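Chemist: Whenever a hint applies, use it, and build me the whole structure from the sequences.
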Amino acid sequence: MSGRPTPHLPSQGAELGTTAPFLPQLGDLAADTARNGRVGVVVALPGEGAATYHLRPPGGGPAWSAPADASTLEPVPARPTHATLLVTDAVYDPRAKQGSVAILVHHEDGGRSEAALILTPADLERLHAQTGRILADHEHSRGGAP
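Quick note on numbering: UniProt numbering labels position 140 of the sequence shown as 140, and the sequence is numbered without any gaps.
These are calculated hints, taken from the structure and not from any lab test.
Fair warning: this is a prediction, and the values are worked out from it, not measured in the lab.
It is possible that part of the hints are untrue.
Quick list of simulated restraints, FRET-style, between CB atoms [what the hints assert, rightly or not]: (1) Ala116 to Leu23: 27 to 37 Å; (2) Ala115 to Leu29: 43 to 53 Å; (3) Thr131 to Ser71: 20 to 30 Å; (4) Leu104 to Pro75: 44 to 54 Å; (5) Asp69 to Arg126: 40 to 50 Å.
The C-beta atom is built at its ideal place from N, Cα and C for all residues, glycine as well.
Modeler: Here it is in structure tokens:
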């Protein structure tokens, strides 16, 4: 051992990971892991007339407290609304016997994230049939042959 501090060891006070800690602000939604992931709106911050975070259910109800260091609070991710295809080539993995298509997932808060749509051969056949029907409907709506 070199005797140098090892910053990744919790016993030396450093936290694991590279993301900043979640410190919610007034009005933010937070999931409280000490309450089985219960979601609440932050209605009071520590230091602003309160020693802890105070949360209330989004639809109203009794408030509860969470530690001032927010150690039990996690952000509530925005829900996805839809996905669109990214302009990349689809890939088939013969070892896994599945295909993959790159997609862009759109979230209700306006955020977006890239993901992969994984398709088994049965999924690929079903998708092929469904997109074939969509293309036929499109042609029909343009006055093409039924």
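Chemist: Does the structure break any of the earlier hints, and which numbers would those be?
Modeler: 2, 3, 4
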